[in-house]
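Given chain A's structure and the hints, the job is docking chain B onto it.
2 protein chains.
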Amino acid sequence: MEQELKEAAQQSPATGNSPQATDIKVFAPATVANVVCGFDVLGFAVNEPGDEVVMRVTNKPGITISKITGDDGRLPLDPAKNTVSVSVQHYLDSIDRKDLGLDIELHKKMPIGSGLGSSSASTVAGLFAVKTLLGDDTDVAKLLPFAMKGEEMACGHGHADNVAPALLGGFVLIRSYEPLDVIRLPHPPGLYCAIVFPDVDVPTREARQIIRNKILMKDAVTQWGNIAGLVSGLYTQDIDLIGRSMQDVLVEPVRSILIPDFYIMRELAMQAGAVSFGISGSGPSVFAFTRDEETARQITQTLQKHLAGIKINSNSYVSTINDAGPRVLG
Amino acid sequence: MEQELKEAAQQSPATGNSPQATDIKVFAPATVANVVCGFDVLGFAVNEPGDEVVMRVTNKPGITISKITGDDGRLPLDPAKNTVSVSVQHYLDSIDRKDLGLDIELHKKMPIGSGLGSSSASTVAGLFAVKTLLGDDTDVAKLLPFAMKGEEMACGHGHADNVAPALLGGFVLIRSYEPLDVIRLPHPPGLYCAIVFPDVDVPTREARQIIRNKILMKDAVTQWGNIAGLVSGLYTQDIDLIGRSMQDVLVEPVRSILIPDFYIMRELAMQAGAVSFGISGSGPSVFAFTRDEETARQITQTLQKHLAGIKINSNSYVSTINDAGPRVLG
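Keeping their order, the protein sequence lines are chains A and B. 1 is the number of the first residue of the first sequence in full-length UniProt numbering; add one for each residue after it. 1 is the number of the first residue of the second sequence in full-length UniProt numbering; add one for each residue after it.
For reference, chain A alone in the conformation it holds in the complex (with noise of 0.2 Å):
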């Protein structure tokens, strides 16, 4: 895979020889990992929120980072802190070109901490800026390595449920970690998500560490059929058999003391016509899945009218599955 990659970047219009573009602004994706019954190994993209990084090449080696917005100064500038810079560097030492000056701006578009994949989406931005600026046309899965060094930089743990998804767009199973075995699954064409997320804190590794390391067999066996069933629902494009899967005796009950009137948001959810209701990634955000938009934005709405009522502010987002992935806006 390197030497695919070195020849790709070393033919390279960014070697300064081209009068190809020099600078190049990318939207990356928010997604929702577990999808309920599939801890750590599910993950689907989505066409709102995400994150965009503008991306310049300099003369002088190295990279650096010239502005953040959105993020209420909560991250860092520096280089070796930010996720973004660290997975482009990956990328950059893996083919051979430290020489390469690179100049990065990154405008969060979405809530960090949110359960919705941000440091993902900032991280697969810049990594498909630097992969289109070199016009390297190899694989796009083959960032996936550079992005989940991202990831275990900002979560404490280089899991793939967010990155992969938010790279590769559309639906996707992570079978393995080791060797990485990534696969995209289909989705009926009409699902549509509704996600809501309460304004509260939940840090990704504390939500992490309220699971438990021992189970009981009886229930894995619940969640195993379950996913099974998930997974033969997107392809059969069974929404009933998508719905009835989507169910969490495992993590759900321990991550939603998390959040705020969490099982009545589900029970409002589903009053209004969801197919499935649950929490995106380790919260706070949650999700549903509708037959059609108009549902989505009625769940999103009672949902944050709920919320309002309990004095929390919340944002909310309806979408279709992004099957696209990280796109260049300019």
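By construction, these hints were calculated from the structure, which means they are not laboratory data. Quick caveat, the model's predicted, so the values are computed rather than measured. Mixed in with the good hints there might be a few duds.
Claimed, not checked - List of simulated lysine-lysine pairs, PhoX-like, C-alpha gap at most 25 Å: (1) A:214 / B:214; (2) B:218 / A:149; (3) B:218 / A:218; (4) A:218 / B:214.
The following block gives chain B in isolation, referenced to the frame of chain A:
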């Protein structure tokens, strides 16, 4: 459901007013449960071995068992203690046909306690026989709860991972027990199954009891990544993915202890070109998937030769996946 069954049965030829058959001979297939990464939720049927039931309508209400062959005297002739008659009685009770007299012959054509769903094959043959005799044309899946009653008696638990594929044929997922949710999965048409039964004693009840009640979350995550990969591979006919997904970090390490030279047999099978290798049900039978019949035959020969070398008798079977389930022989 009961109403449908009753209506079908009340119009049936076996009331004595019809010239239709009052005796029938039925075959039902052996099954491979668990399928390595789907403990308690996956199973598939094979073409051979299997059991045969001959059933005759008699003049005296109640069920008799006149003959059992091939069981070395191990199975009870008492209809209150035999899984076949008990399941058939449950079915008759449910359709208000306690008046019916039935005589059963059970011909065991497969080893008992082999991990190949021996009791399920008998039970399904009995239920399919009575359903067909009564001209009951409701969905065969409706017999599943009665077959599970038989399993409960035979194995101490009412699981469906043998009876469901024996009854429905093909590759089956039991997503949930409460409520019962059984899903037929597709499979690549050219997939062959090599089965070897080493003739050692592994009682199902004991084989269940050695399974740990508590497991590590990280192992469960590995397992549900694998079952999701297997289901995906079954839909996309990706035999490589099927093979690499069929790993079991939870049950096999414990149950393999009861099977002579299990890991040597795996090595031999994989070297001979198996796609995957594992324990059938609770063992001691083992099975391998292969891409063709010839490889399957070579694997059974190699494994039987190895077992003979350590003074263990064995039987072997080579089959495609049996999509038909039970069938009338005459």
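Hints, one by one, checked against the model:
Restraint check: the Cα-Cα separation between residue 214 of chain A and residue 214 of chain B comes to about 6 Å, which is no more than 25 Å; the hinted pair holds. Taking the CA atoms of residue 218 of chain B and residue 149 of chain A, the gap is about 20 Å. The hint holds against a cut of 25 Å. Straight-line distance between C-alpha atoms of residue 218 of chain B and residue 218 of chain A comes to about 15 Å, which keeps the hinted pair within the 25 Å bound. Distance check on the hinted pair: residue 218 of chain A and residue 214 of chain B sit about 9 Å apart at the alpha-carbon level, within 25 Å; holds.
Violated hints are absent here; each numbered hint is respected by the structure.
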